[in-house]
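Novice: For reference, the chains in residue letters:
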Amino acid sequence: MDPFKNRQWVVILIIISVGLIFSFRLFYIQVINKDWSERAKQITSKTENIQPPRGFIYDRNNQLLVGAETIYDIYIHPSIIKLKDSSAICKLFNLSNNDFREIIKNASSGYNVPYKPSVFIESMTQQEHAKISPYLGQINSVFAKPKIDRGYPNPIAAHLLGYIRRIDENQFKNTKAQGDFFYTKNDFIGITGLEKEYELLLRGERGNINYLKDYAGNKIETVNKKPPKPGRSLYTTLDIELQKLGEKLMENKIGSIVAIEPSTGEVLAMVSAPSYNPSSLTGRDFSENFKIFKKNDSLKPLINRPVYNDKYRPGSIFKLVQALIALDDGVILPETGFSCNKNIIGCHNHERPDNLTKAIKHSCNPYFFQVYKRLIMKDNSKNVFQTSREGLAIWEQNIKTFGFGDPLGIDLPEEKSGFIPNVDFYDKWYGKKRWAFSTIYSNSIGEGEIGVSPIQMANLASIIANRGYYYTPHVIKKIANENILKKFKIKHRTCVDKKHFEVVVKAMNEVVNKGTGRNARIDSIEVCGKTGTVENKTFNDHSVFISFAPMDNPKIAIAVYVEYGTWGSKWAAPIASLMMESFIKGSLSKKSIEKVNQISQAVILNPNTDFK
Amino acid sequence: MKYRNLSIWRNIDKPLLIMYLLLSVIGYFIMYSSTFKGLNIQTDFWSANYGKQFVWIIITLFIGFFILLLDGSFIKNTAYFTYGFVLLLLILVLLMPPIKGARSWFYFSGFSIQPSEFIKLTLSLSIAKLLSDVGSRFQEFRTKLKAFFMIIIPALLIAVQPDPGTMLVFACFIFVLYREGLSGNFLLIGLFTVLIAVVGIFLKASNSVFHLAGNAISGNIFFGLILILGFIFSFIIIRYFVLPRYRKKKIQRLIIITLLGLSISGGINYVYDSVFSERHRTRFQIMFGIKEDRKGAGYNIYQALSAVGSGEGLGKGYLKGTLSNDKYKHVPEQNTDFIFCVLAEEWGFLGSFIFISLYLSTLIRMILIAERQRSKFTRIYGYCVSGILFFHFMINIAMVIGLAPVIGIPLPFFSKGGSAIFSFGLMVFILLRLDSERKVVLR
Chain A
7 MDPFKNRQWV
17 VILIIISVGL
27 IFSFRLFYIQ
37 VINKDWSERA
47 KQITSKTENI
57 QPPRGFIYDR
67 NNQLLVGAET
77 IYDIYIHPSI
87 IKLKDSSAIC
97 KLFNLSNNDF
107 REIIKNASSG
117 YNVPYKPSVF
127 IESMTQQEHA
137 KISPYLGQIN
147 SVFAKPKIDR
157 GYPNPIAAHL
167 LGYIRRIDEN
177 QFKNTKAQGD
187 FFYTKNDFIG
197 ITGLEKEYEL
207 LLRGERGNIN
217 YLKDYAGNKI
227 ETVNKKPPKP
237 GRSLYTTLDI
247 ELQKLGEKLM
257 ENKIGSIVAI
267 EPSTGEVLAM
277 VSAPSYNPSS
287 LTGRDFSENF
297 KIFKKNDSLK
307 PLINRPVYND
317 KYRPGSIFKL
327 VQALIALDDG
337 VILPETGFSC
347 NKNIIGCHNH
357 ERPDNLTKAI
367 KHSCNPYFFQ
377 VYKRLIMKDN
387 SKNVFQTSRE
397 GLAIWEQNIK
407 TFGFGDPLGI
417 DLPEEKSGFI
427 PNVDFYDKWY
437 GKKRWAFSTI
447 YSNSIGEGEI
457 GVSPIQMANL
467 ASIIANRGYY
477 YTPHVIKKIA
487 NENILKKFKI
497 KHRTCVDKKH
507 FEVVVKAMNE
517 VVNKGTGRNA
527 RIDSIEVCGK
537 TGTVENKTFN
547 DHSVFISFAP
557 MDNPKIAIAV
567 YVEYGTWGSK
577 WAAPIASLMM
587 ESFIKGSLSK
597 KSIEKVNQIS
607 QAVILNPNTD
617 FK
Chain B
244 MKYRNLSIWR
254 NIDKPLLIMY
264 LLLSVIGYFI
274 MYSSTFKGLN
284 IQTDFWSANY
294 GKQFVWIIIT
304 LFIGFFILLL
314 DGSFIKNTAY
324 FTYGFVLLLL
334 ILVLLMPPIK
344 GARSWFYFSG
354 FSIQPSEFIK
364 LTLSLSIAKL
374 LSDVGSRFQE
384 FRTKLKAFFM
394 IIIPALLIAV
404 QPDPGTMLVF
414 ACFIFVLYRE
424 GLSGNFLLIG
434 LFTVLIAVVG
444 IFLKASNSVF
454 HLAGNAISGN
464 IFFGLILILG
474 FIFSFIIIRY
484 FVLPRYRKKK
494 IQRLIIITLL
504 GLSISGGINY
514 VYDSVFSERH
524 RTRFQIMFGI
534 KEDRKGAGYN
544 IYQALSAVGS
554 GEGLGKGYLK
564 GTLSNDKYKH
574 VPEQNTDFIF
584 CVLAEEWGFL
594 GSFIFISLYL
604 STLIRMILIA
614 ERQRSKFTRI
624 YGYCVSGILF
634 FHFMINIAMV
644 IGLAPVIGIP
654 LPFFSKGGSA
664 IFSFGLMVFI
674 LLRLDSERKV
684 VLR
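Residue numbers (the working numbering), protein chains in the order written: chain A, 7 to 618; chain B, 244 to 686.
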């Protein structure tokens, strides 16, 4: 017999032991150890965020101010480029051979891999894309992917709307620290204006998609999907036509226009000059333009002057407030007269101010010097320093009821407070009991240390138009969260009784009809206004005008500030007048249109400004 | 004729036939899943991989049917001739242009043939014929030498291609020769060699450093010292506990084994440093889990293990894999060398265990069939077939489940590839035919 017959069992034993070893090993990696299963999940599944579309912004008549614009990223897929493609690509995008090689290199190295498409031209505009799109279909390895950016069908109100940009490291950390985990490092966030103020509503809610991918990362099968919630739209109080007109009038000038509907506090127009086209801060050109605006332009076009610049001295328009407080305090009567004594304070030649109306009509400086003196030095029996202290304290309180010295609370993030000098301020500046009325009298005519922002000036016009109260100026009309609107429905009363306003209103009407503001007259509408000329030592004085119309049942209150505008009636008054005419009548007369063109062509800039 | 035909069906080994058909069918379905691109992707059946595979299986069954009609003596008598013919092809294939870096294929329009798949079959037949010929005795040195050359020549030709995986399979003939009387020491030495090699490579790959009496010495020298220490220890034991008359023989063996161990360990040292390229070294390092290179050299095995592991207990279900089929393609070579991933992923541990059991049962069945032969030729041939399939299975699965470095080798009956399907099918059919004659003749 075969002596080696039993060796079959050795062989069979080996086979069985291999089978056992494999089985144990498989049992370990498949059943006991879950690591490999986890790794498989990491390999196959991917979760991606879906960006919600950002909310749109409309004007008061539901016209689109900020919408969406489709732009295109051009992708290249190196591993499927055919020889004939490369010449076609070079031709289509005007590339030299070296450029092309560079592009391929970039698309295949670093974060990019040749078997996956990557972007090589970012944010192509619709027009640019339209030119190349017919040829793209013929080249497999290059394609365009649309994405949504901010679009501005009416390129106006850049400051008010604000801009968005990619979130930076600090903001990213801050939002995380505040428990807001919305953003990824690629997200955009509102930086200024309404975009910032209403960021939470505009941004919407992120969705996500979980899918199985193949080896190259392509999406193969959707496992789970949560659609994004689009951002809420904002309906603003702005009037596109009025805003456009305002921006046209302020071309080549520095300054602000703020127009408010007195009965509601709604901001109808808010112009900050110089301005810029809001679409220049979108897409590919953002960083380049931003650098220019921020660093290389001495006119600082990014600043929203109507709310941010609170260093403006109000000038003569402040006399209105002085008059009202004085009437209410009873220190003067409408019939009170003073002489125009140019020895105390400078003035121009005009008829004798033997009542308040005349004083306002001619903007008499000495008259208001006396008025302010009576306000501050009420008790002549006391020490002059002490009296001034007490007087100023009361005056400051009263002034503040007109919305000066504190932010009004408009729904724009840039708003600043303005400044009303008070006892503490002068104590610090001059020392306690070392100042008196004689030190601070320039406040009487809105010069001195007073700082007022254009929105506060417009608010003053609104207060007088309303005969004694105002609603906080605001930009938002309709919004998903109604709570936000509540604070704009509160009536703020001034310290001055309603009955004292009529005199001032009449006087303002006189100003326009017969006084310093004749440039603001509008046919068939009774306009009330007050000019202001703010002293400027370096160059021409600034031109200020506040106004409202019609006199009874006012529809619009407006403040115009033209820096270096020489005097109030020269530029600010006609600009305000044209704005009001346009808003109230709905259109401009032929003569007015001519005037608009004249004004918009006038260049009023400080020659000392350093242009780069 | 009528009688003969009847006798075929009566005497054919039905368990093996069924096992083979079962493996082929399962293999086909797994292969189909591995090339599955998703239901909504319409592919022309006949031009798809699974269509071609289907054709090959049909051809194999068809030819197999004819083989069952052949006379066993015809198969035996033509063994040298077919061996010589395929050997010639193996030489000619070296003149072909390389595909994927190896000159393994004759490429015709539409399909390709891999002669190394067929040499396994013809070599099996020739070895069986050589060892079963009247007058040749395995104990004789001449016979051993002949058998050695018969095996080593095609192995070397394949090494030149290069196709290390297939070459490795030729080691399976050691089982055949062992069954025919080769000393068991060879198996032990083989095992010993593998053990020392594994430890040696591990020590090299891990760059182990041991500290001995304040001196840092490299792992392999330390290993050598351990071997010598072991030798001294064993020597002392033999010196004092073994009867004097056996001592000399034992000490001789001890010296041989120790020298062998030292030379293997030294050889590994040399091969690892000088022969291996960085690529090979990384493969070993990955296999031992010393290095993790998920994106580079370790990519294949990392993806494969993830696929296998993700099958968990019961699998994801047929065609529902998310890593290893063509739809996702996370596992490379998923329809050839890594096809086991598809099975393990979609059928889980349960399916894998059944698969292993069925596969190895088939191999054991072949051994049992070989053992019941009166014909030495059929017996040796049976061992050859079982051994070849076993080695393929062992190397392939060990590689996929991370027990061996990545070596390209197909899994018989499963992997895509006409030549392999065909040649493995022929092997089994020839075995079935020869076995069916077990009562008829004594060869």
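It should be emphasised that the hints constitute simulated quantities derived from the structure, not laboratory data. In this text, all values refer to a predicted model and were calculated from it rather than measured experimentally. Here a beta-carbon is modelled for each residue, glycine too, at the ideal position from N, C-alpha and C. Hints may contain errors.
With a Cα cut of at most 25 Å, we get these calculated SDA-like pairs of lysine to any residue [said to hold, decoys possible]:
1. A:Lys52 / B:Leu562
2. A:Lys379 / A:Ile215
3. B:Lys387 / A:Pro9
4. B:Lys563 / A:Ile215
5. A:Lys153 / A:Ile215
What the simulated footprint calls covered on chain A by chain B, stretch by stretch (three residues with Cβ under 8 Å from a Cβ of chain B suffice, anywhere in the stretch; the number is not a length) [said to hold, decoys possible]:
6. 28-38
7. 204-217
8. 417-425
Not close to chain A: a few residues of chain B, all C-beta gaps over 12 Å, as computed [unchecked claim]:
9. Glu383
10. Leu566
11. Asp569
12. Ile610
13. Ser629
Novice: Are there hints from earlier that the structure breaks, and if so, what are their numbers?
Specialist: The structure conflicts with hints 2, 7, 8, 10, 11, 12, 13, although it agrees with all the remaining ones.
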